[in-house]
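Counting from 1, one number per residue, gives the positions in the sequence shown under this note's numbering.
Just so you know, the hints here were simulated from the structure itself, not pulled from any lab data. Possibly wrong hints are sitting among the right ones.
[As the list claims (entries may be wrong)] Heads up, simulated DSBU-like pairs for lysine-lysine below, C-alpha to C-alpha not over 35 Å straight-line: (1) Lys105 - Lys58; (2) Lys159 - Lys204; (3) Lys197 - Lys335; (4) Lys260 - Lys159; (5) Lys335 - Lys93; (6) Lys225 - Lys207.
These figures come from a predicted structure and were not determined experimentally.
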Amino acid sequence: MEFVLPVARAPLQVFSQGLGTGASSASDLPPCLPPAASYTDSSDDETSPRDKQQKNSKGSSDFCVKNIKQAEFGRREIEIAEQEMPALMALRKRAQGEKPLAGAKIVGCTHITAQTAVLMETLGALGAQCRWAACNIYSTLNEVAAALAESGFPVFAWKGESEDDFWWCIDRCVNVEGWQPNMILDDGGDLTHWIYKKYPNMFKKIKGIVEESVTGVHRLYQLSKAGKLCVPAMNVNDSVTKQKFDNLYCCRESILDGLKRTTDMMFGGKQVVVCGYGEVGKGCCAALKAMGSIVYVTEIDPICALQACMDGFRLVKLNEVIRQVDIVITCTGNKNVVTREHLDRMKNSCIVCNMGHSNTEIDVASLRTPELTWERVRSQVDHVIWPDGKRIVLLAEGRLLNLSCSTVPTFVLSITATTQALALIELYNAPEGRYKQDVYLLPKKMASSSPERFGVYSAGPRFPLPPPLISQGLNSFQTNTWRASTSRPSTHT
Numbered sequence: 001m002e003f004v005l006p007v008a009r010a011p012l013q014v015f016s017q018g019l020g021t022g023a024s025s026a027s028d029l030p031p032c033l034p035p036a037a038s039y040t041d042s043s044d045d046e047t048s049p050r051d052k053q054q055k056n057s058k059g060s061s062d063f064c065v066k067n068i069k070q071a072e073f074g075r076r077e078i079e080i081a082e083q084e085m086p087a088l089m090a091l092r093k094r095a096q097g098e099k100p101l102a103g104a105k106i107v108g109c110t111h112i113t114a115q116t117a118v119l120m121e122t123l124g125a126l127g128a129q130c131r132w133a134a135c136n137i138y139s140t141l142n143e144v145a146a147a148l149a150e151s152g153f154p155v156f157a158w159k160g161e162s163e164d165d166f167w168w169c170i171d172r173c174v175n176v177e178g179w180q181p182n183m184i185l186d187d188g189g190d191l192t193h194w195i196y197k198k199y200p201n202m203f204k205k206i207k208g209i210v211e212e213s214v215t216g217v218h219r220l221y222q223l224s225k226a227g228k229l230c231v232p233a234m235n236v237n238d239s240v241t242k243q244k245f246d247n248l249y250c251c252r253e254s255i256l257d258g259l260k261r262t263t264d265m266m267f268g269g270k271q272v273v274v275c276g277y278g279e280v281g282k283g284c285c286a287a288l289k290a291m292g293s294i295v296y297v298t299e300i301d302p303i304c305a306l307q308a309c310m311d312g313f314r315l316v317k318l319n320e321v322i323r324q325v326d327i328v329i330t331c332t333g334n335k336n337v338v339t340r341e342h343l344d345r346m347k348n349s350c351i352v353c354n355m356g357h358s359n360t361e362i363d364v365a366s367l368r369t370p371e372l373t374w375e376r377v378r379s380q381v382d383h384v385i386w387p388d389g390k391r392i393v394l395l396a397e398g399r400l401l402n403l404s405c406s407t408v409p410t411f412v413l414s415i416t417a418t419t420q421a422l423a424l425i426e427l428y429n430a431p432e433g434r435y436k437q438d439v440y441l442l443p444k445k446m447a448s449s450s451p452e453r454f455g456v457y458s459a460g461p462r463f464p465l466p467p468p469l470i471s472q473g474l475n476s477f478q479t480n481t482w483r484a485s486t487s488r489p490s491t492h493t
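From just these sequences and the hints, can you work out the full model?
Structure, rendered in C-alpha cells:
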C-alpha cells in the first residue's frame with residue numbers, strides 16, 4: 001500500500017471582517033475554505049463513528065474517524081504544522097530517496113494531532129506502511145484524523161472515545177487480514193500491552209518497539225525485568241532530545257495554556273503544588289513561578305529534590321499543603337500520587353490536573369461513588385461535589401492536561417518526532433544481534449552528531465548564535481555536559 005503525500009498548496013489567504021458580521025451563506029466563505037472543510041458543519045456529531053459508513057475519495061473505508069468531510073480543514077492544520085517542524089521535514093527530504101523504512105509495517109498508538117500527522121506522513125515518505133490509533137481518548141483532532149484518512153492512512157480515532165472505543169480502535173489497527181506489523185510506535189504502552197495480551201504470536205515478526213512516554217517506558221522495564229520482553233525496545237522518553245526539549249519547554253508553555261483555557265483563572269498569588277520535579281515538573285514550576293504563583297514541590301528523589309530547592313521552590317510533603325493550595329498538578333508518571341484521602345482534604349474549588357501521561361496519577365476511580373456528584377461545567381472540566389457542598393475542579397478527568405485541553409508548541413514536538421523516526425530507522429535496519437530483548441536508549445551519535453537534523457540551522461533567527469558556534473556548542477555538550485541517561489531516576493518524567 002502506498003501513501004501519496006498531497007501536493008503543496010498556495011499559502012492560505014487571510015480574510016478579515018468587521019465585528020458582529022459573519023458569513024450568512026456558503027457563497028460568503030473565502031474560496032480557500034470550502035463548506036465541506038468546516039469542522040463544525042456536521043449534522044451527525046452524536047452518531048458514533050463506529051456506526052457510520054464512510055469512504056474517502058479513493059473509495060477506501062479502512063479507517064474510522066468522526067467525519068471524513070473535515071479532511072480539507074485538517075489538511076490546512078497539517079500544512080501549518082509543517083512550517084514549524086523543520087527537523088522532521090529535513091529528515092523527510094534527506095531520506096525519502098533512500099527509503100530507509102521500505103518494507104516497514106508500523107502500527108502506532110499516539111496522540112493524533114497535526115504534529116503527529118507530519119510524523120506519519122514522513123514515515124510514509126520513507127517507505128513505511130502505517131496503521132494508527134489514539135493513545136488518549138480526548139487528544140485527537142478530528143479534522144486531522146480525517147485528513148490522514150483521506151490521504152490513505154488507516155486511522156482509527158476520534159475525540160471523546162469511550163474506553164470500549166479506545167480498545168476497539170487499537171484492535172482494528174492490529175487485527176487486520178493480510179497485514180501484520182513489524183514495528184511498534186507507542187505512547188503509554190497500551191498498544192504494546194494489547195498485542196502481548198491478545199496477539200502474542202505477532203512478536204515473532206516484530207523487530208522492535210519505540211516508546212515515547214515515561215509510563216510506557218516503566219511498563220517496558222517491568223516486562224524486561226520479568227523476562228517477558230521478547231523484542232528490542234527503544235526508550236525515547238529518556239533520550240536527551242526529549243528530556244531537554246519536549247518534557248521541559250513544551251510543558252513550560254502548555255501548562256499555562258491548559259489551565260487558562262479550562263478555568264480562565266489568574267495565576268498571580270495562587271498557591272500551587274507540583275508533584276514531581278523531573279523535566280516536566282521543572283517546566284510547570286518555572287512557568288507558574290514566572291506568572292506570580294506561590295509554588296511548592298513534592299519530590300522523592302534526592303537529586304531532583306535538591307534541584308527544586310536550588311531553584312527557589314519550597315520542598316514539602318503533599319499532606320503538609322493539601323488543605324491550603326489552590327492547584328494540584330501531578331508530573332510523576334507514577335500511580336495514585338494524589339489519593340482519595342488527599343482529595344477529601346482539599347479546600348473548596350481546588351483545581352486538580354495531571355501533566356503525566358497516565359490517568360492513574362490522580363485516583364479518579366475513587367471519586368466515582370454514590371455519595372459524590374459529578375457536574376460537567378464545560379468541555380473537559382468537571383466539578384466533583386461532596387455531600388457537605390465542597391467541590392473540586394477536575395480537569396480532563398485526570399488525563400493529560402495539555403493535549404486534552406489545549407495545544408502544544410509544534411517546534412519542540414518536531415524534535416521529539418524526529419527522535420522517534422530515527423529510533424524506528426535504527427531498530428528496523430539494525431543487523432541481527434545488535435540489540436537484545438531489552439530496553440535501549442537512542443545512540444547519542446544519532447541524536448547529536450548533526451544539529452541540522454533537529455532544525456537548528458533551519459530555525460533561522462530563533463537562534464542568535466551563528467552556525468559554527470552552535471555546532472561547537474553541540475559538540476561540547478555531546479562530550480562533556482550531557483548526563484548519561486542511566487543516571488536519571490526512571491520514576492520521574
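Comparing the hints with the structure gives:
1. For the given pair, Lys105 sits about 21 Å from Lys58 by alpha-carbon distance, which is consistent with the 35 Å threshold.
2. The hinted pair formed by Lys159 and Lys204 meets the criterion: a straight-line CA distance of about 33 Å does not exceed 35 Å.
3. About 21 Å separates the Cα atoms of Lys197 and Lys335, which keeps this hinted pair within 35 Å; it holds.
4. Of the pairs offered as hints, the one joining Lys260 and Lys159 holds, with about 21 Å between alpha carbons and a cut-off of 35 Å not exceeded.
5. Using a Cα cut-off of 35 Å, the hinted pair Lys335 and Lys93 is violated, with the two alpha carbons roughly 41 Å apart.
6. With a C-alpha separation of about 20 Å, the suggested pairing of Lys225 with Lys207 holds against the 35 Å cut-off.
The structure is inconsistent with hint 5 alone, although it conforms to all the rest.
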